[in-house]
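**Student:** From first to last, the protein sequence lines are chains A, B, C and D. Residue numbers for the first sequence follow UniProt numbering, so the first one is 1 and each next one is one higher. Residue numbers for the second sequence follow UniProt numbering, so the first one is 1 and each next one is one higher. Residue numbers for the third sequence follow UniProt numbering, so the first one is 1 and each next one is one higher. Residue numbers for the fourth sequence follow UniProt numbering, so the first one is 1 and each next one is one higher.
Calculated directly from the structure, the hints in this document are not laboratory data. Do not take every clue at face value.
In silico BS3-like links for lysine-lysine, alpha-carbon gap of 25 Å or less [claimed, not checked]: (1) C:K29 x A:K65; (2) A:K29 x C:K65; (3) A:K84 x B:K29; (4) C:K29 x D:K84; (5) D:K102 x D:K65; (6) A:K29 x B:K84; (7) B:K84 x B:K29; (8) A:K65 x A:K102; (9) D:K65 x A:K65; (10) A:K29 x B:K29; (11) B:K65 x D:K65.
Protein chains: 4
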Amino acid sequence: MTNEQIQSCIEECMSCMLACNNCYVACLKEEDLNMMRECIRLDRECADICGFAAQAMSTGSQYMKEICQICAETCDLCATECEKHHHDHCQRCAAACSACAKACRAMIA
Amino acid sequence: MTNEQIQSCIEECMSCMLACNNCYVACLKEEDLNMMRECIRLDRECADICGFAAQAMSTGSQYMKEICQICAETCDLCATECEKHHHDHCQRCAAACSACAKACRAMIA
Amino acid sequence: MTNEQIQSCIEECMSCMLACNNCYVACLKEEDLNMMRECIRLDRECADICGFAAQAMSTGSQYMKEICQICAETCDLCATECEKHHHDHCQRCAAACSACAKACRAMIA
Amino acid sequence: MTNEQIQSCIEECMSCMLACNNCYVACLKEEDLNMMRECIRLDRECADICGFAAQAMSTGSQYMKEICQICAETCDLCATECEKHHHDHCQRCAAACSACAKACRAMIA
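All chains, full assembly: derive it from the sequences and hints.
**Tutor:** Printed below as a string of structure tokens:
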């Protein structure tokens, strides 16, 4: 992994954290809340691991690869869930999650 | 503030974080999700500031008092919301939030 | 406070978190570690509150102003300490802290 | 994994986070700072993953096992480093790390 890959991965993790938190806040205001349960749960789980991965990479953690592996898998789950919903915030979140998963896997490879 | 007050406040913040996260997970599974919107939101907001306050106190942050002041106020909001709901997890969360708010104010005083 | 101010403040908090963590890692490798004690401590304290403030703003916390007030004050302390040292990482960190403190205060005003 | 194992693991992670942060603060005040570099770094890395693991378990994360695996390995590294130093805070931290690593592995098994 190069410094450029780590830097790019940090940027994507932070963008994804913001998109997930934005989606979480918006989901909690949706009229049909019942179908957003899993989206709410995964938004926060994904935001939390993205924030943690950014911190781990920027502090030079010895386990940054393993943490980014979990981050990539959580992003996949969150993207798959968000893609089911037509809301703009879900579509934007799905795109951010996919980009973050890709950056994590590029860093790990 | 004494070391005993700080230690006690750390313990209450960590207990409160767990009770809030437990309530958050259980709220997301409740049948009538519509009335749990604010409870879900405040559970996570309260869990996050409690976890941050415990970290700030245990790392000797210069702003631990100011952080615990925000923690106490967030606990008050979360306790007031949780008390509205008859679910066991909400009642337990309300009790943990009240105890945490009290410990934060004892530490600050 | 406008959405633009919040968004700008989130960006500055995340940039500052990265600069502080970078300075922290680099300080721990400096030959004369003795004079870096306070810089190491404040780097992590500042990185932690910056990360927490970014999360609080992106989740729409009711106490985002109070949290950003503490963030601004911590940034001031960290900038003042970092300015004492000639290392590039300290100078870059001081600049990021000053920018972040300014963005926090613009958001609060 | 049983609820009792998860609960016990959460408790050990939170105790370990406190011991690591306590050791971190104390290390930064030691006279011979040069030999504490790695201890300072690992204390914070371990405290961070312990706090994150406690949050992940209490929010029912789908990746709690994978996170606790990283936590156990980080605890091993921190325990090995702390055992090298005769300071009370290092010895207490080493014991907390070993207990936490054991609880994480019991939860995963």
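**Student:** For each hint, tell me whether it holds in the structure or not.
**Tutor:** Status of the hints after comparison with the structure:
This hinted pair checks out: C:K29 and A:K65 have alpha carbons roughly 22 Å apart, not beyond 25 Å. This hinted pair checks out: A:K29 and C:K65 have alpha carbons roughly 22 Å apart, not beyond 25 Å. At roughly 19 Å between alpha-carbon atoms, A:K84 and B:K29 fall within 25 Å of each other, so this suggested pair holds. This hinted pair checks out: C:K29 and D:K84 have alpha carbons roughly 19 Å apart, not beyond 25 Å.
Of the supplied pair hints, the one linking D:K102 and D:K65 holds, its CA atoms being roughly 13 Å apart against a limit of 25 Å. Note on A:K29 and B:K84: the hinted pairing holds, with a Cα-Cα distance of about 20 Å set against a maximum of 25 Å. A C-alpha spacing of about 18 Å is found between B:K84 and B:K29, which places the hinted pair at or below 25 Å, so the restraint holds. Restraint check for A:K65 and A:K102: the C-alpha separation of about 13 Å stays at or below 25 Å, so the hint holds.
With a C-alpha separation of about 16 Å, the suggested pairing of D:K65 with A:K65 holds against the 25 Å cut-off. Between A:K29 and B:K29, the direct Cα distance comes to roughly 17 Å. Compliance with the 25 Å bound is thereby established for this hinted pair. Annotation: proposed proximity of B:K65 to D:K65 is violated, straight-line Cα distance about 35 Å (limit 25 Å).
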